[in-house]
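Start counting the first sequence at 39; every next residue gets the next number (the numbering used here).
Hints were generated in silico from the structure; no laboratory data involved. What you are looking at is a predicted structure, and each value in this text was computed from that prediction instead of being measured. A few of these clues could be false.
As the list claims (entries may be wrong) - Cut-off 30 angstroms, straight-line C-alpha distance, at most; resulting in silico cross-link-like pairs (DSSO-like, lysine-lysine):
| no. | residue 1 | residue 2 |
| --- | --- | --- |
| 1 | LYS297 | LYS307 |
| 2 | LYS297 | LYS193 |
| 3 | LYS409 | LYS435 |
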Amino acid sequence: MTEQAPAGDVAEGDGTDLLAVRRAKLDALRAAGIEPFPHDFDGVEPIEAVRERHAGLEDGAETEVSHRIAGRLRARRGQGKMAFLDLDDRSGRIQLQAKLDVLGPERMSRLLDDVDLGDLLGIDGVAFVSRRGELTLRIEDFTVLAKSLRPPPDKHHGLQDTELRQRRRELDLIGNEETRQAFVTRSRIVSEIRRYLDGEGFLEVETPVLQPLYGGALARPFVTHHNALDRDFYLRIATELYLKRLIVGGLERVYELGKNFRNEGISHKHNPEFTMLEWYEAYADVEDAANRLEACVQHVARAIGYEGETRWTEPWKRQTLAGAIEEATGIDVLAHRSSEELAAVIRDAADVDLDPAGRTWPQLVDDLLSKYVEPHLQQPTMLFDYPVELSPFAKAKRNPDGSETGLVERFEAFAHGMEIANAFSELNDPDEQRRRFEEQARLELAGDDEAQPYDESFIEALEQGMPPTGGLGLGIDRLVICMTGRRTIREVVLFPAMRD
RNA sequence: GCCCUGGUAGCUCAACUGGUUAGAGCAGCGGACUCUUAAUCCGAAGGUUGAGGGUUCGAGUCCCUCCCGGGGCACCA
Numbered sequence: 039m040t041e042q043a044p045a046g047d048v049a050e051g052d053g054t055d056l057l058a059v060r061r062a063k064l065d066a067l068r069a070a071g072i073e074p075f076p077h078d079f080d081g082v083e084p085i086e087a088v089r090e091r092h093a094g095l096e097d098g099a100e101t102e103v104s105h106r107i108a109g110r111l112r113a114r115r116g117q118g119k120m121a122f123l124d125l126d127d128r129s130g131r132i133q134l135q136a137k138l139d140v141l142g143p144e145r146m147s148r149l150l151d152d153v154d155l156g157d158l159l160g161i162d163g164v165a166f167v168s169r170r171g172e173l174t175l176r177i178e179d180f181t182v183l184a185k186s187l188r189p190p191p192d193k194h195h196g197l198q199d200t201e202l203r204q205r206r207r208e209l210d211l212i213g214n215e216e217t218r219q220a221f222v223t224r225s226r227i228v229s230e231i232r233r234y235l236d237g238e239g240f241l242e243v244e245t246p247v248l249q250p251l252y253g254g255a256l257a258r259p260f261v262t263h264h265n266a267l268d269r270d271f272y273l274r275i276a277t278e279l280y281l282k283r284l285i286v287g288g289l290e291r292v293y294e295l296g297k298n299f300r301n302e303g304i305s306h307k308h309n310p311e312f313t314m315l316e317w318y319e320a321y322a323d324v325e326d327a328a329n330r331l332e333a334c335v336q337h338v339a340r341a342i343g344y345e346g347e348t349r350w351t352e353p354w355k356r357q358t359l360a361g362a363i364e365e366a367t368g369i370d371v372l373a374h375r376s377s378e379e380l381a382a383v384i385r386d387a388a389d390v391d392l393d394p395a396g397r398t399w400p401q402l403v404d405d406l407l408s409k410y411v412e413p414h415l416q417q418p419t420m421l422f423d424y425p426v427e428l429s430p431f432a433k434a435k436r437n438p439d440g441s442e443t444g445l446v447e448r449f450e451a452f453a454h455g456m457e458i459a460n461a462f463s464e465l466n467d468p469d470e471q472r473r474r475f476e477e478q479a480r481l482e483l484a485g486d487d488e489a490q491p492y493d494e495s496f497i498e499a500l501e502q503g504m505p506p507t508g509g510l511g512l513g514i515d516r517l518v519i520c521m522t523g524r525r526t527i528r529e530v531v532l533f534p535a536m537r538d
C-alpha cells in the first residue's frame, strides 16, 4: 500500500502527489467551515427512481421537480462558468449541471476546486433534459458527504487488474458497473431462493459450523482448535448430517443456506469457503427433490428476470448417469462392476484417454463423468441412478422384482459444464447406513483419502427413526456463475481466497 | 504440489532482435471555455519497470532465486 502523505506539507504542490492534493482539499473544506464527514443526509431518492419519474421527456424539456440524491462523483466536464458532473449510486448514474449563476462564486468554487472525483456528494437539484437528450439535475445545492482521500479507478476503463479487483473489491464495485450488477444479482438470487422455500413451508435453520466430526460429503476438512475445551474441531464440509437429525426430530421441512469449507485446491469453480443450500423434506423422495429443484430455480430465474442462453424455465433434461457415460464413451460401467474389469475396458476404449491405474471403481466412474460427460452439459440436466459406491447416504434403488441394482436413488444436476446440485432419497435404515460407513472405511484403505468418517451419533439418530426423506444440496456460487454469465467463482464471491 | 504465462506512472496501455533521457490516454496540477457526456484546447509535472542477485560496454527486455496474479494438470462441489 502507498504511504500516506505527511500532514501539513500539503497546501502547495505540483499535483504529482495525488494523496497530498486530496488532503489539501480536505483542509480547504474545513477552513471554509464545511464538515467533510457529516453524520447523515436524509430523504435521499434512488437515481433509478428519478429516471423513472421523468421517462419520456423530450430533449431540452425543463421541469420544476426537485430531487435529493446522493452518491459518488464519477466524472466532471468543466466549462468555466458551467460544468457537467456524473454521479453514481447503487441504482445507476445521472448527470448533474452546476451553473455559476445558480450556485454563486463561493459554492461553485467549492464544487469545482475542492471536490474530487470519487467524493461522496448529496445533491438537491431540479430535473431537466439537456439539448442532447440526457436527463440532468441542475444543482441547487450540494453537500459533501464524505471526502475521498484516494484516487478512484479510471473513469472510462474501470479497474482491469484481476488481482486488484479481488483484493480491493470496493474499487471493483466503484469502477465496474458489471461487477456491481453481478453482486446485486447474487443477492437477489439468494433472497428469491429463501422466498421460494419459505413459501413451501420450509424452516430455515442453523447448524454447527464447528463440528467435532465432519461428514456429509467427500472432502478434506479444515481443522481448528478450541482453547478452553482443548480439542480440535472441524469446519463443516456439509450440513447434511445435522439437518437429517432435525428431520428425525420432526421439523419435517428444513433448509440451511450458508458457508461450507473444504480444504481442497482452488480453481475457477472451487473456493475454499463456498455457499451451499441444503434442504430436507420428510415424506419425499428423489423425484420430489428433482421437481422441487426445477421449480425453485425456475422461480429464481423468473424473479431476477434472467435473459441469458440457459433454458432454466423449460423442463430440464433427465437421463441416467450410466446412460450419459455410455452415450459419451461407449462404455457401460454397470456391466463392469469391479475396478479391474472397468480399468481394462477403459484401457481398450479408443476414444477414452484416462489412466485407470490405482483408481477404485467409483473413482473410475467419476473420472469418466468429469472428463467426458460433465463438460458437455451446458443446459440444465439431471443425471439419475448413481452407483451405491459413490453415494454413502442415498437409499438403494430396487428393481420392480425386488432384486438389487447396485444403484441408489440419486441425481446430480449440471449446467454450464458444472455440477450445481446433488440430491437423493435419504438413507434412513440405520443398519444399512452403518454398513455404508464401513464400506467407506474400506475404500479409504484402498486409497480414497476423502472417504467418510464413521459418525456414531448420526447412526443413533437414524435408529430413533427418520421418515422417508428427500434431500438436496445446491451450490449457490455456481448457480450465480450460471445466472450472471460470469466465468469463475472468483467473479461471484466478493472476497475470494488469495495469498497474503 | 507440478507445468505454462504475466507484473511498466494513481488507473488503462505502449516500448522492435539487448542500444540515446522508458512513451501515450485518463486522473491530478496551472490556464481558457455557460448544453457537455471517454468534453475540448494550451502548459508544466508525474517511474526503485514486483523484490533481490547475475551476465553485458549497455538490461523493462537475457539468466537465477523469491513474492503476487492468470491459465492448465492433480484433488474436489
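Hints violated by the structure (listed by number, smallest first): Of the numbered hints given earlier, the structure breaks just one, which is hint 2.
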